[in-house]
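Asker: If you follow the hints, you should be able to join the two separate chains into one complex; please do so.
Listed below are the residues making up each chain.
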Amino acid sequence: MSLPSVISEGDTALAFSADQKRYHPFQLRAGKSVRLWKYNVKTEGAIGHYYGSKFVIRGSSLELFDPNKQAVGFEEQLPGDGKDNRNLLDTASNQKFSAEDIQDLKESDLAGEQLISEIISGSNTFTDKSEFSKQKYLSRKRAKHLPVISIYRPCLRHLSLMHYHLHPEKIGFLRVDTLSLLLSLANVRYGSRLLVVDNFGGMVVGAVLERMGGGGRLVELFTTEIVHPRPVLSSFSHLTALHWECLSAFPLRRLTKLTESLHTDTATQLPDIGSEDTDTTHTVSATEVEPKNKDRYVTARELLLSGGFEGIILATKHTPVPILEACLPFISPSSPLLVYCVFSELISACSQYFHSNKSIVLKNLSSSWMREYQPAEFKLHPEMTSSSCRTGYVLSGIRVKDFNDTPL
Amino acid sequence: MNSKGYKSKIKVDDTVILSDQDGLHSITVDPGNAVNSRSGVFLHSDMLGKEYGGRVWSNKGRTYRWALHPTPELWTLSLPHRTQILYTPNISLITSLLELVPGTSVCESGTGSGSLSHAIARTVAPTGHLYTYDFHAERVQQAKTEFSTHGLGELVTCECRDVCRDGFGLEDAVTAIFLDLPNPWEVILHCPISFKPGYNRLMSFSPCVEQIQKSCVALRGVGFTDIQMHECLSQQLQVSSCRVSEARLEENSARREDTEILSVVPKLSMPSHTGYLLSVVFV
Chain D
1 MSLPSVISEG DTALAFSADQ KRYHPFQLRA GKSVRLWKYN VKTEGAIGHY YGSKFVIRGS
61 SLELFDPNKQ AVGFEEQLPG DGKDNRNLLD TASNQKFSAE DIQDLKESDL AGEQLISEII
121 SGSNTFTDKS EFSKQKYLSR KRAKHLPVIS IYRPCLRHLS LMHYHLHPEK IGFLRVDTLS
181 LLLSLANVRY GSRLLVVDNF GGMVVGAVLE RMGGGGRLVE LFTTEIVHPR PVLSSFSHLT
241 ALHWECLSAF PLRRLTKLTE SLHTDTATQL PDIGSEDTDT THTVSATEVE PKNKDRYVTA
301 RELLLSGGFE GIILATKHTP VPILEACLPF ISPSSPLLVY CVFSELISAC SQYFHSNKSI
361 VLKNLSSSWM REYQPAEFKL HPEMTSSSCR TGYVLSGIRV KDFNDTPL
Chain X
1 MNSKGYKSKI KVDDTVILSD QDGLHSITVD PGNAVNSRSG VFLHSDMLGK EYGGRVWSNK
61 GRTYRWALHP TPELWTLSLP HRTQILYTPN ISLITSLLEL VPGTSVCESG TGSGSLSHAI
121 ARTVAPTGHL YTYDFHAERV QQAKTEFSTH GLGELVTCEC RDVCRDGFGL EDAVTAIFLD
181 LPNPWEVILH CPISFKPGYN RLMSFSPCVE QIQKSCVALR GVGFTDIQMH ECLSQQLQVS
241 SCRVSEARLE ENSARREDTE ILSVVPKLSM PSHTGYLLSV VFV
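Protein chains in written order, with our numbering: chain D, 1 to 408; chain X, 1 to 283.
Per label pair, the in silico range of CB-to-CB distance:
{"id": "1", "chain 1": "D", "residue 1": "R390", "chain 2": "X", "residue 2": "R255", "range": "31 to 41 Å"}
{"id": "2", "chain 1": "D", "residue 1": "G10", "chain 2": "X", "residue 2": "P80", "range": "42 to 52 Å"}
{"id": "3", "chain 1": "D", "residue 1": "E63", "chain 2": "X", "residue 2": "R165", "range": "35 to 45 Å"}
{"id": "4", "chain 1": "D", "residue 1": "E372", "chain 2": "X", "residue 2": "P266", "range": "17 to 27 Å"}
{"id": "5", "chain 1": "X", "residue 1": "K267", "chain 2": "D", "residue 2": "Q114", "range": "50 to 60 Å"}
Hints are computed from structural coordinates only; laboratory data are not their basis. Ideal Cβ positions, reconstructed from N, Cα and C, are used throughout, including at glycine.
Just chain X, with the same shape it has in the complex (with noise of 0.2 Å):
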């Protein structure tokens, strides 16, 4: 997930995104260890020398899954949840309106389950950095470990605090920030002093329509403008084929042929709400 070039066989300590029809699973490979599931055990060592994007098999031989190469995006579908995680339709719209580049330095909290934080470090690799911070001590362990697993730890300083009573502790530091808080009007006032002089964006999201009221309130009074709030969902598709048959307009009119056709159509069940996106500038 760091920004060298993709690898063809699978080595030891590497993660890989494991897929089968149950959904995808992350490993670090360890000669030691196994997958143990009910599709079958599946040896790491097997694994070993075996191509990215080829089958791995369980150790009877009977089942498959695919080894894929980890991207942030499979890391968001398979990462242990600690938290609510953001997903992809969210962290590709938070990208592009925090107008993240190569290079861009990013402030983040919380950390949570580092959904967002592996997309935005693999955004700004490799001149970058993101400073990322969260209250639950054992949370930022984890994030640490995982960032660190994934090559990730010269890009990423993960930290333990809690930004809302004492601030990131940067200045001059950043031109992004990201905020997903319970109560991000409390560090808001602690956001201009990060910034580096010039233009600079901030991001907050939040599941309740009383956050962004208090956050918009905060956010004026320290001298943020241009204020805009969007909501982003990803409506899932299929395609669907469906017979139409033809009514009869007369009594004695034969029977017309039926037609097969083919609709784009979304799916009965989706995410309907993840949260609000507010986005402002500060200069």
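Here chain D stands alone, though its shape is the one from the complex (with noise of 0.2 Å):
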């Protein structure tokens, strides 16, 4: 199933500031404000437009803002215009207009393009600036007095920016890239069958369900006492009940159990796992009521019971090596291992025991690296700051066939 394209009243969308350096989720219901920042803006002027596109704060009100007609060109210029700053002075007179006047110029009604224009026509030295000056006053002015936000799905990238702006360690450092290079080095898609364990505030199953899209099955381990509500997997708002329907949990302090029961329990069938329909035995409904004496993990519990799983992602702050010899039973041959980690000295255990270990190969420890640019015809170069640096560590390896191994 596909994203949405159209803001709705009720969905909960993503506001991004016109520098894409500040986000804000906000739920969308006529007649109800947001704060957005320092703003209280009515969200009713957002619905029925298309996701990505951008709007004014007008007021109280959003109206929908075409940034290719901006009034006061901001055309790529050649440089070399002879111009430069040798003989501008940096005072407070350059500007006839006080912040007292630009306030009344706002409230007269002026405002956009409008507003900007005049404010140009108030400074000394605008035409006297090269055009990259030019640029850099446009866009300070405009970011000060025009403010543009624009509007988001909810989804994986979208997400992934937001919260590791908000608060990187709460989802363990895993920006876009990282996050990203677990999804496809575990080969998630529809139909998948994984296990997951997520110290990061629910940031990888989450992600992983939008890429299921509603088909397969993710077991998490959780290593609390119960499944808490998360915020981060919250907000994956876009994702339905389809999406959700593939989640069970099961605590990993039963695990060991689980692996015990099974191997002395001969009565247990496994299925054939290389039959091509091997989900049609596992469809439990989400709505189905368990009575309270009944196992509340049954679901998980018979999934993991019937194995086969097709790889495991295990983003843990705890010590990983224990975590994964536990899971290993339950992941069929051929099968992707990922781990993920925040510091080296927990990644370095467990590197050490995947290359000890003879049922795992084509390891790989790596970490991400990655860089932003400020793109333009003449004035490309890489960000200056970047507030993005730090991640954690991926090492990944495929499980094999031991001799002595005999998987589930």
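Answerer: Next up, the structure:
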């Protein structure tokens, strides 16, 4: 199922500032105001338009804004127009309008690009500036007086960016490139059958569910006492009931007991994992009410007992090796194993485990590096500062059979 | 590599990725065929019925290879190169930045050796679609054969076409476009018509800064917004052990014992540039 294209009533959307440096999730409800940074805004101006649209905040309402129709030109100009700043002095008297004057202009219904034009007309030095300087001046004035936001739909890309900027430590510094690498290396797709341990707010769980698109099974092995509600996972508000049905949880602390009971329980029939229709036996209604004395993890338990998991993503703040060892019996041969840790000390021990384990091949340890650039025709350069420098370590390998090994 | 579950045993016509210390090698199982290598002769017929994730042996039984189930990532590492290809770090970021999910319709040019194409097909399956174009007739034919062998025939439409000259021939068809061309600015003006009404994304991969500069001008000229540019690399690491001895700070002090430390360090050599990724929105 594709992601939504039209901004609709009731949606939870993401507002991004014009410089893409500030993010704010909000809910769209006709008649209700939301606080976006320093503005109180009614959101109905956005409903019915496409995601990706830009809006200018005028007063307390949102008006559609077309960035390609800017009155004051933002043309890419050739450098070398002969102007530079050698004679320009930086004094307050360069601008004839005071802050109060500009506020009066705003209240007199002069808005948008006309306001910017008026401010420029009040500047003594604007025409003497070089083209580069003019564009920088325009950008600053627009950022200050023309609050433009972009509204995006929640999806892995934007949620990852947003959470990384708001609270990177809560998501274990899972930057979008690192998270994407985990998803690709684990071959996450519609119909996947995966184990996940996620100590980073549910970022990995949400991303995997989005890529599974409502098909397949994801068993999350949780390391806390119970499954807590997680704000990061809840922000994946675009996931439907079909997506959530793929997810079941099981406490990690009961996993070894399950392995033991499996080896002693000869009556348990294991489905042939070579058959094409592996998933028909595992459909459990999400709305089924389970009786109180029944194991609340029954769905996950049944899935684990039938084994045949096609991979694991272990994104953990704990020591990974014991967790991985406990999970290996449930994972089929020729399946990817992914381990993600924030600290090199944790990944180091796991890397050694991979190297000494005959059941793991194609081992690779890496850390993703990403750089953002300012794209332009004549001013192309990397961003001057980056607040996305930190991410963790990815260890990958493929599980294979060993002589003494009997995977489920 | 389609969205059906992993198989457990090797059958005729399967694509199998063989792995040993020399690297990865992909085969399509054909009982009359064999892999001839300096480590031995591996008969395809010997592999039939063997388990994925298990070992297959040379005909003299002296050497073995691991038989792995194909995935787009393993395919990228083992496919026959007809062109320079994209590797998993870039492919995975492209998948996320284009916002691909099951059901997305995507257009790509050039197809090249089909590395990214396989990954896209995996992500948009089973209800999405990939339209992929290349102007080189023989490469298109090889790609089509591979898509068919890998069970992707329904998901992928692969055509020989000069998209810079003729556009994609698609109208109101896709929500994501990917360009990996030497001169993407020539095709950018053909892109808007291929998009469905609403929110769409385009990405372009270019090794050189000059290509990015020209692409930016073209993109702004046709109404694309939110132009972002990234570079993504995978720093390869290893765990290295080191014996640390203590320097003597005083003339007659006792020698302190060495300690052993384990450290995660970068490998000495790595790819340091692949290309720049431009990412834009079209509404």
